[in-house]
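A.B. asks: Letter by letter, the chains look like this.
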Amino acid sequence: MASEVTHTAATFADHLPVLQILVPFIAAPLTVLIGSRALAWPIAFVSSAIAAVIAFALLMKTMGGEVISYHLGGWAPPLGIEYRVDAANAFVLLLVCAISTIVLPFARTSVAAEIPKRQHTLFYTAYLLCFAGLLGVAVTGDAFNVFVFLEISSLSTYVLIAQGSYRDKRALTAAFDYLMMGTIGATFFVIGIGLLYMATGTLNMADIADRIAEQGSNRTVRSAFAFIVVGIGLKVAIYPLHLWLPNSYTFAPSAVTAFLAATATKVAIYVLMRFVFSVFRPDFSFANNTLEFIIIPFAILAMFAASFIAIFQSDFKRMLAYSSIAQIGYILLGIGFLTQTGLTAGISHLFNHGITKAALFMGVGALVLRTGSSFYSRLEGAGRTMPWTSAAVVIGGLSLIGVPGTAGFISKWVLVQAALEKGWWPVALLIVASSLLAVIYVWRVIETLYLKPATGDAATATEAPASMLIPLWIMAAACIYFGFDTQITIGASQTAAQGLLAGAVGMAH
Amino acid sequence: MDTGTAILLSILVPFAAVFGNLILRNNPNARDGMTLVAAVLTFLLVLRILANEGNGTSETYTLFSILPGIDIAFNVEPLGLMFAIIASGLWILTHLYGIGYMRGNDEKHHTRFFACFAFAISSVMGIAFSANMFTLFLFYEALTISTYPLVAHKGTPEAIKGARTYLGILIGTSIGLQLVAVVWTFTITGTLDFTRGGILEGHIAGPMVAVLLGLYAFGIGKAALMPFHRWLPAAMVAPTPVSALLHAVAVVKAGVFTMLKVGIYIFGIDFLASSGASVWLMWLAAFSIVAASVVAMTKDNLKARLAYSTISQLSYITLGMALATSMGALGGGMHIATHAMGKITLFMCAGSIYVATHKTEISQMTGLGRRMPITFAAFLIGALSIIGLPPFAGSWSKWLLVVGAADASQWVMIAVLMVSSLLNVAYLMPVVARGFFLPNPDPDAEAATRADEATRTVREANVLVWAPPAVTALGCVFLFFYASEIQTFLSPIVAAN
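Heads up: the sequence lines are chains R and P, in that order.
Counted the way the working numbering counts, the first sequence spans residues 1 to 509.
Counted the way the working numbering counts, the second sequence spans residues 510 to 1006.
Hint data in this document are derived by calculation from the structure and do not stem from the laboratory.
Everything numeric in this text was worked out from a predicted model, so none of it was measured.
Misleading hints may appear alongside valid ones.
[Unchecked claim] Derived SDA-like pairs: lysine to any residue, alpha-carbon spacing no greater than 20 Å straight-line:
hint, chain 1, residue 1, chain 2, residue 2
1, R, 169, R, 373
2, R, 422, P, 809
3, P, 663, P, 748
4, R, 422, P, 868
5, R, 452, P, 809
6, P, 808, P, 685
7, P, 670, R, 61
8, R, 452, R, 375
9, P, 868, P, 942
10, P, 808, P, 720
11, P, 663, R, 312
12, P, 670, R, 230
13, R, 452, P, 621
14, P, 663, R, 443
15, P, 868, P, 911
16, R, 422, P, 619
17, P, 617, R, 375
18, P, 663, P, 720
19, P, 808, P, 713
20, R, 117, R, 66
21, R, 452, P, 796
22, P, 670, R, 446
23, P, 670, R, 312
24, R, 117, R, 53
25, R, 452, P, 868
26, P, 617, R, 447
27, R, 452, P, 739
28, P, 868, P, 941
29, P, 663, R, 446
30, R, 452, P, 571
31, R, 117, R, 369
32, P, 808, P, 928
33, R, 452, P, 673
34, P, 670, R, 117
[As the list claims (entries may be wrong)] Here are some chain R residues the structure puts well away from chain P; computed CB gaps all over 12 Å:
hint, residue
35, 61
36, 72
37, 384
38, 417
39, 419
40, 421
Yeah, the Cβ is synthetic: ideal placement off N, Cα and C, and Gly gets one too.
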C-alpha cells in the first residue's frame, strides 16, 4: 500500500490538494480588501467554480483506488501537515464544490432580497470562509488540522445563519443556539484529539492509526474515541444531538440553508467515518466499543421520530430541516451495517440526499422570494402562479421519498439491499416504513401547492426569476439524472467504502 | 421499423403528448386533436410490434444499466403485447369519450387532465414491455404518481380525501412491501429478468416462498387484493373517463398484469405448484371474489358498485395465477382482455348517464333505458360479458379459469366462480331491468310524475359520449368469436421451456 502513495510535488497538478482550499481561502479576504459590492459575488463564484474543477480532477485521479498524499510546505509527515485524498474525500470535495457553484447564482438574487446591501461583501466573505473550511476538513490528513478547519467553517456558519435576522429576528437566537452546541461539539472533539496525542504522540491521522494498532486499546484511546464521536455527532446532528439544526435551517437565509443542508452535515459525517474507520479501524470502533449498538438504534430512531415531527410542521423550511435529521439517520444506518454494501449506501445517500435537499431548499428560497413566507398557509395555490418552481419542488420531493427514477431511490435501494444481505429483514421493513412517512410530509406540500385554492400572496405571485430557476432546475435535473446514471455516485461510493473498510490510511513509510 | 425502436416510441409518443398538451394549452381543439393523433400513433406502433413479433418473445433491448445486474430493458412477450394492444387501443376510444365528457360536463383543467392521462398511458406502455422487474417497478410507480392528479381532479375536499387514500394505499404497498420483495429477489438470485419458468427455484425454499409471494401479492396494490382494495372505490371520485380507462383497464390491469408476470416469470408456475406457496393466495383471492361481489350488491351509487365489481373480477386473475396451473394462468391472462372490454363499457355507460342526466344513484335510473336505448343496450352487453354468458367474451376466460381449477382439483374454486357469476347477475342486472322495465316504482304519485317528467326530457348525450361504449360493447361480442385466437396467442407464456 505504501508504494502507491506519491510524495513529491513537482508539477502544477501535484499541488491540487492544497489549491483546493487555497483558492477560496485567498478569495475570502480579497473580497474584503477590494471592498466592492459589485465584485464580491463574481469573486466568490469564480473561486467556487475553480475549486469545483480541482475537485473533479482529484476525484478522477482517485476513483481507481489511488491515494494522493500531499506534504504541506514540503515537510514530511508525521511532523509536517499532510493532505490526503482518496475516493472517499474526493467525492465529498466534489459534492461541496458542485453544490456551492450551483447555489451561488441562486444566492445572488436570494441574498439581494433577504439581506441589506451593506452586508453583501461581508456575506460573501463569510460564505467563502465557510466553503474553504468545509473543503479543508475533507482534504486534510491531520487530526488537529481537521479541528482548525472545522472551527473556521463553524464560526463563519454562525455568522451566515445570523444574517437571516433581517427577515426574522429569531435567526439570532438560532445562531446563538448553534454557537453554543457547536462549540460544545468542537470542544469535545479537541479534547478527544488531545487524548489521542497523549496516547500516541502524533497528530497525523494515518500515524495515529498505526500507533493505535501497535499498542492496542487502552483507557486513554477509548476516552478519546468517546469524545470524538460525541463531538462530531453534534456537528452531524445525530439524533438526539440534533437540537440546533431545525432552527438554524429555518431562520438562516434561503441560500445559506440550501448550501449548508447539502454540505455541512455531510462533511461532518465524512469526518465521523474517517475517524471511525480509518483512525480507529472498524474492529476497534465496532467490536470493542460496540458503536454498532449505539449508531443503529439512534439512526432508526431518527428515521422515525424526525420524520414524524416533520409531518406536523406548518413551515416548509422547518419540515425540510426535520426531514434532514431523518435522512441523516439513513446515512448512519448504512455506516452502521459495517458492510461493503451498507457503506456504499451511506456514502451514496450522502451525495444523493445532498442534491435533493439543495434542490428543495432552493425551491423554498424561490417561493419565499415571491410570497414572502415559507408557511404552508401562505403557499397555498402557488403551483398555479409559480409552475416551474413548484414542479422542481415536486421532483425534489419525489427524490426525498425515494420514488424510482430519482437519486433518492438509488441509495434507498442499496440500503435495503444491505439490510437484506445481512439478513436483517426487520430493518429493511423499517427503512421502507419510514420512507412512507416521507410520502406524507412531501404530499402535504404537494397538496398545498396544487390543490388548495390560491389565496393571498401566492395568488398574485409571479414566477421566480431565471437566475433562481436555472440553478434550481439544474439541481432538480440532477435528482433525476443520478436516479439513472449511477456510475459516478455508486462507483465512487464503492471505492470509498472499500478504502474505508480496509482502514486504508496506513502510513507511507 | 424494428421492434426495439417501436417499443421505445410507443412509450415516448404518449410521453411527448404530455408536453404537447402543455404547449397547446390555449387551443383546446388543436390540443385534443394532437392527443388523438398520438393515441392512434401509439396504437399503430403496438400493431407494428405485433406484426414483427407475433406471439414470440423478442430479444431484450437494454436502454442502459443502472446498477450492475439492474438494467432499464424492454422486450416483447405475448402477455405484455396483449396488454399494450388493449391499453393503447382503448386509449383512442377513451380519449374521444373524454373530450365529449369533459366538454359536455363543463369540467375544468382540461390540459392538466389530458396531460396526466397521456403520462399514465406512457407508464402503462413501459409496464407492458418491461423486460425485468426493476423496469416494471419504475413504471409502476410512475403510473401511480401520474394518475394521482386525475383522481384529485375536482379539487373538492371529497376528491382530495379520495386521492389521499388512493395514493396512500398504492404507494404504501408498493414501497412498503413490493420494493422489499424486489430487492429480496435480487439479493438471493442476482437477477430480476423475467425468465420463462421463473428465476427463484433453487434459491429459496420452505415457508419463505409463501412469505415472498405475500410481499408481492399485497405489494402489488393495484391488483386490489383484499384487504388493500379500498383505493379503488376511493378513486371513483375521479371524472368517469379516468374511471373507465384507468380504473377499469390501465391501472388495475397493470396490477394484475404485474401479478401474472411475477407468478409466471419470477416464481414460475411449476415452482408455485411444487412449493404449494400460492395455496393461501388462492383462498384469499376466492374470498375477495365473493366478498367484493356481496359488497357491490349493497351499493346504490353506480360507480361504487362497478368499483367493487372490479375488485371481485381482478381477483379472478389473481386466482388464475394462484391456481398454479397452465389453464389457470391462461384464463387469468385472457380475463385481462375480456374484463377490460366489458368493464370499460359499463363505466362509459355510467358516465354517459351522468352527462345526460347528472344521476349517479341506481335507484334514480328508473325508466332511463327507454330514453337512452344505446347506452343501456351497451350496458346490458357489458354486464352479460362480465357475468360470463355466451355469446360474450367474458364466458371464455371464465371457462378457462374453471378448467384451470379443475386441473388443480380445486373443486371449491369452481364453486366460487359459479357463485360469483350468480352474484354478478344479482348486482348488474337490476340496473338494466330498472332502466328498461320499471316505469313507476315510486308509490308517491306526485313525486313519480315529477320524476317521469324529468325522465321524459332526457336524451342521449352527444355522440362522443354514447358511441364509444357502443363500440366496446360490440367488442365484447367480437372477442367471443376470436377467443381461441387469443388463447393460441397467449399459449407460449405457459409452454414448457
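A.B. asks: If a hint holds in the structure, say so; if it does not, say that too.
C.D. replies: Quick rundown of the hints versus the structure:
no.: 1; hint: 169/R to 373/R; result: holds, 14 Å
no.: 2; hint: 422/R to 809/P; result: violated, 52 Å
no.: 3; hint: 663/P to 748/P; result: holds, 8 Å
no.: 4; hint: 422/R to 868/P; result: violated, 57 Å
no.: 5; hint: 452/R to 809/P; result: violated, 31 Å
no.: 6; hint: 808/P to 685/P; result: violated, 31 Å
no.: 7; hint: 670/P to 61/R; result: violated, 53 Å
no.: 8; hint: 452/R to 375/R; result: holds, 14 Å
no.: 9; hint: 868/P to 942/P; result: holds, 17 Å
no.: 10; hint: 808/P to 720/P; result: violated, 34 Å
no.: 11; hint: 663/P to 312/R; result: violated, 26 Å
no.: 12; hint: 670/P to 230/R; result: violated, 44 Å
no.: 13; hint: 452/R to 621/P; result: holds, 16 Å
no.: 14; hint: 663/P to 443/R; result: holds, 17 Å
no.: 15; hint: 868/P to 911/P; result: violated, 37 Å
no.: 16; hint: 422/R to 619/P; result: violated, 50 Å
no.: 17; hint: 617/P to 375/R; result: violated, 28 Å
no.: 18; hint: 663/P to 720/P; result: violated, 40 Å
no.: 19; hint: 808/P to 713/P; result: violated, 43 Å
no.: 20; hint: 117/R to 66/R; result: violated, 46 Å
no.: 21; hint: 452/R to 796/P; result: violated, 40 Å
no.: 22; hint: 670/P to 446/R; result: holds, 14 Å
no.: 23; hint: 670/P to 312/R; result: holds, 18 Å
no.: 24; hint: 117/R to 53/R; result: violated, 30 Å
no.: 25; hint: 452/R to 868/P; result: violated, 28 Å
no.: 26; hint: 617/P to 447/R; result: holds, 18 Å
no.: 27; hint: 452/R to 739/P; result: violated, 24 Å
no.: 28; hint: 868/P to 941/P; result: holds, 15 Å
no.: 29; hint: 663/P to 446/R; result: holds, 16 Å
no.: 30; hint: 452/R to 571/P; result: violated, 42 Å
no.: 31; hint: 117/R to 369/R; result: holds, 16 Å
no.: 32; hint: 808/P to 928/P; result: holds, 19 Å
no.: 33; hint: 452/R to 673/P; result: holds, 14 Å
no.: 34; hint: 670/P to 117/R; result: violated, 47 Å
no.: 35; hint: 61; result: holds, 23 Å
no.: 36; hint: 72; result: holds, 39 Å
no.: 37; hint: 384; result: violated, 10 Å
no.: 38; hint: 417; result: violated, 5 Å
no.: 39; hint: 419; result: violated, 9 Å
no.: 40; hint: 421; result: violated, 6 Å
Of the numbered hints given earlier, the model fails hints 2, 4, 5, 6, 7, 10, 11, 12, 15, 16, 17, 18, 19, 20, 21, 24, 25, 27, 30, 34, 37, 38, 39, 40; all others are met.
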